[in-house]
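Peer 1: Counting in this note's numbering, the sequence shown runs from 2 upward without gaps.
Since the hints were made in silico from the structure, they are not lab data. The C-beta atom is built at its ideal place from N, Cα and C for all residues, glycine as well. Take these hints with a grain of salt, some might be off.
[To be verified] Each pair of labels, with its calculated beta carbon distance range:
1) Thr181 with Leu22: 13 to 23 Å
2) Leu22 with Glu326: 26 to 36 Å
3) Thr39 with Pro193: 25 to 35 Å
4) Thr181 with Ala219: 14 to 24 Å
5) Pro490 with Asp431: 31 to 41 Å
6) Ala58 with Ala84: 23 to 33 Å
7) Asp696 with Ile12: 54 to 64 Å
8) Glu680 with Asp325: 18 to 28 Å
9) Ala219 with Arg28: 51 to 61 Å
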Amino acid sequence: MRLKLFPKFLIVMSLAALVPLALLGYRLIDIGQLGVKTAILELHLGMADNVASAYRANIDKIHSKVVFLRDTIGRMDWDARQAVLTSFVDSSPEILEVSLVSGQGAEVMKVFSPSRGKDSPLGNYSGDPGFRSALDSKVRHISISSSTAEMVFFYPLGNAAAMRLTADISAFSATAGVKTIGDTGYALVVGPGGRPLALPPGLAEEEAAGIPAWPIVAAALAAPAAGSMEYADLAGREQIGAYAPIPDIGAAAVVKQSREEAYMSAIFMKDQAVYAILFFAVLVIIAAYLLSRQLSRPIIDVTRVAEHVASGDFTHTVQVDTGDELKDLGETFNKMIRQLKTYSDMQVDRIIREQKNTEAVLFSTEDAIAMADHDGKIQLVNRKARSVLGLPAGELVGMKFLDSIPDEKVRGVVGEVMSSEEPGFFRELDLSSATARTVYRCTATPIRDPKKKADLGLLVALHDITLDKELARLKDEFLHSITHDLRNPMGAVKGFVEFMLKEIPGPITDGQRKMLISIDRASFRLLGMINNILDAAKMEAGKMEISLAPVNMGEAARRVVELMESLGQRKRIKFAVDAPPDLVVSADPGLMERMFTNLVGNAIKFTPEDGTITLRVSSAGGMVTGEVEDTGDGIPQEYLGRIFEKFEQVKGQKAGGTGLGLTICKNVAASHLGKIWAESESGKGARFIFSFPADLRKDESGAVKPGGA
Numbered sequence: 002m003r004l005k006l007f008p009k010f011l012i013v014m015s016l017a018a019l020v021p022l023a024l025l026g027y028r029l030i031d032i033g034q035l036g037v038k039t040a041i042l043e044l045h046l047g048m049a050d051n052v053a054s055a056y057r058a059n060i061d062k063i064h065s066k067v068v069f070l071r072d073t074i075g076r077m078d079w080d081a082r083q084a085v086l087t088s089f090v091d092s093s094p095e096i097l098e099v100s101l102v103s104g105q106g107a108e109v110m111k112v113f114s115p116s117r118g119k120d121s122p123l124g125n126y127s128g129d130p131g132f133r134s135a136l137d138s139k140v141r142h143i144s145i146s147s148s149t150a151e152m153v154f155f156y157p158l159g160n161a162a163a164m165r166l167t168a169d170i171s172a173f174s175a176t177a178g179v180k181t182i183g184d185t186g187y188a189l190v191v192g193p194g195g196r197p198l199a200l201p202p203g204l205a206e207e208e209a210a211g212i213p214a215w216p217i218v219a220a221a222l223a224a225p226a227a228g229s230m231e232y233a234d235l236a237g238r239e240q241i242g243a244y245a246p247i248p249d250i251g252a253a254a255v256v257k258q259s260r261e262e263a264y265m266s267a268i269f270m271k272d273q274a275v276y277a278i279l280f281f282a283v284l285v286i287i288a289a290y291l292l293s294r295q296l297s298r299p300i301i302d303v304t305r306v307a308e309h310v311a312s313g314d315f316t317h318t319v320q321v322d323t324g325d326e327l328k329d330l331g332e333t334f335n336k337m338i339r340q341l342k343t344y345s346d347m348q349v350d351r352i353i354r355e356q357k358n359t360e361a362v363l364f365s366t367e368d369a370i371a372m373a374d375h376d377g378k379i380q381l382v383n384r385k386a387r388s389v390l391g392l393p394a395g396e397l398v399g400m401k402f403l404d405s406i407p408d409e410k411v412r413g414v415v416g417e418v419m420s421s422e423e424p425g426f427f428r429e430l431d432l433s434s435a436t437a438r439t440v441y442r443c444t445a446t447p448i449r450d451p452k453k454k455a456d457l458g459l460l461v462a463l464h465d466i467t468l469d470k471e472l473a474r475l476k477d478e479f480l481h482s483i484t485h486d487l488r489n490p491m492g493a494v495k496g497f498v499e500f501m502l503k504e505i506p507g508p509i510t511d512g513q514r515k516m517l518i519s520i521d522r523a524s525f526r527l528l529g530m531i532n533n534i535l536d537a538a539k540m541e542a543g544k545m546e547i548s549l550a551p552v553n554m555g556e557a558a559r560r561v562v563e564l565m566e567s568l569g570q571r572k573r574i575k576f577a578v579d580a581p582p583d584l585v586v587s588a589d590p591g592l593m594e595r596m597f598t599n600l601v602g603n604a605i606k607f608t609p610e611d612g613t614i615t616l617r618v619s620s621a622g623g624m625v626t627g628e629v630e631d632t633g634d635g636i637p638q639e640y641l642g643r644i645f646e647k648f649e650q651v652k653g654q655k656a657g658g659t660g661l662g663l664t665i666c667k668n669v670a671a672s673h674l675g676k677i678w679a680e681s682e683s684g685k686g687a688r689f690i691f692s693f694p695a696d697l698r699k700d701e702s703g704a705v706k707p708g709g710a
């Protein structure tokens, strides 16, 4: 599809501005969103770290008190220890109870916080893993109670004893900052197994029950350091969160918020940026439209005026008021129009005079002449061309030449000649009627400007060759008659010569034998010429009978080489056969050998001393191909299509024979539904190639058909 100039300008300018704008906008939006998201995740990460730090600070605070307490009670009696422990519990609201445990795990002293409400009996912790770990490692052990929200400490004492403390985890939440964030976010602390240890106030029970199954909870408990992630909750809602581990108690602080709420500012920023980009894109398109219109309008005006000038109208001029190079172009174009008008006025008389002289010459010739430009439009036709081609009456200049020819057969021949680029190409056009025979030779010749060396179009000529055809027919009839009458006498001469060579009538001398051998060779050669003429006539008339039989093409080529190798010995010609041993086709054995014989004989004639003649046979795609290649001087390009015509020989080359050998090869190939052609480059020898279907057969009427037909 042809795109006009204005849309091209508009598209190019719009793309030149919009593509960078879109890429830059996309990149800036991406960077902005990334910055906002990073800031939000860092905020959540900081909040989670603060909660975890508060828990760790509370644990460290308890640890400091316990270490002081442990060092203090080690030097006291029983009553003093009881008083110190009671004072410790009363001054530490987060401590629920503290007890001394013997090396066997039995509690020997216990003090309760008033918040407990009532005392509990002394217990035995010999099987408690925390107790055993503290005694064995001599290091404190902290764990979370599996049934209550309590933190249990075991501190080793001297003499294989330990101190056990229970702390209220909920007391940590007040200082840890466990709170809500926006409408959907909040901080929490989870212990081993994902059990919530601290939750924000007002959290729904259903949501709290699902906390252990959150992906971020599992990640937080397994992580060695703080981190963040995006995930989907049990309802499929997208969430973002951060976490910080509390390794002392195997817990973690978690902060979570819905992704939509957390990134609301980023989404708003993206929407606003998109609106801004769209606004600027509209401005860019409007600017591109106005600029494209300003650039294309003068060029369109120049094109419009140029069309008038091309038709011979010099009254129009270009008006360009842009004040830039386009205005200079318009003024230069107007100057050119004025010069063309002056030149046209000066040349019109001479052109008219020359046109009349040309028309007088063309219309007086007996050949049909027509001239067409590069677009196939008629520029000139003479009277004979109108008659022969059946062109309509009236003005034809500017009309499509081929479309003006009504007869499909004539149009096909003329079209083939006009489209061919082969030098000397022609086609014969038979326009015979019931009462008269008329044949034309149709050619097309490029018309060149002798000064500018440029092609102006094609000159189509139809030359009447009816008389030539009739003379050729009479010549053929004469030759056929003479050769037919000569064949029997020549056969008799050859027979008597052979009779005498065998000395049946009587002995002969050596001199007589040499003369008889010369007569025998000459009669054999003359008889071959006579047979060629008669066979060519039979083939042209379609009277040559074809007998199809299996033919081994490789063996046929080798037999011909064996028979004709002696003819090449005088020039020391080497022969080569390249053929598969089992290539069998359906063909006439005699005609195939004659094809090879004629081609090899022709090659021997033009191959120089110490040359090479190569025969090739191959098969592909259901077609068999034969080749005979020599190393002679080659064939001029203008003769490649003519050497298969009767009596046609290359001028300037040493010739012999009747010039019918290749004509017979052409007819043999045609009788096998194939074709033959020649390929050659000057000085590089010639190659003759023939090809025909490998599976020929005869139908009920005896006509040769391809095997699949």
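Peer 1: Can you let me know if the beta-carbon spacing of threonine 181 and leucine 22 is within 13 to 23 Å?
Peer 2: With a Cβ separation near 42 Å, threonine 181 and leucine 22 fall outside 13 to 23 Å, so the hint is violated.
Peer 1: Quick check: does the Cβ-Cβ distance between aspartate 696 and isoleucine 12 fall within 54 to 64 Å?
Peer 2: holds, 58 Å
Peer 1: Is it true that proline 490 and aspartate 431 lie within 31 to 41 Å of each other by Cβ?
Peer 2: holds, 38 Å
Peer 1: Per the hint of 18 to 28 Å, is the separation of the Cβ atoms of glutamate 680 and aspartate 325 within bounds?
Peer 2: violated, 60 Å
Peer 1: Verify the CB-CB distance for threonine 39 and proline 193 against the hinted window 25 to 35 Å.
Peer 2: Holds, at about 31 Å.
Peer 1: Kindly confirm whether 26 to 36 Å is satisfied by the beta carbon distance between leucine 22 and glutamate 326.
Peer 2: Once the Cβ atoms are compared, 28 Å apart, the range 26 to 36 Å for glutamate 326 and leucine 22 holds.
Peer 1: Hint says 23 to 33 Å; check whether the CB-CB distance for alanine 58 and alanine 84 agrees.
Peer 2: With Cβ atoms ~29 Å apart, the hint holds.
Peer 1: Falls inside 51 to 61 Å, the C-beta gap from alanine 219 to arginine 28?
Peer 2: violated, 36 Å
Peer 1: Are threonine 181 and alanine 219 spaced within 14 to 24 Å by their CB atoms?
Peer 2: holds, 23 Å
Comparing the model with each earlier hint shows violations of hints 1, 8 and 9; every other hint is respected.
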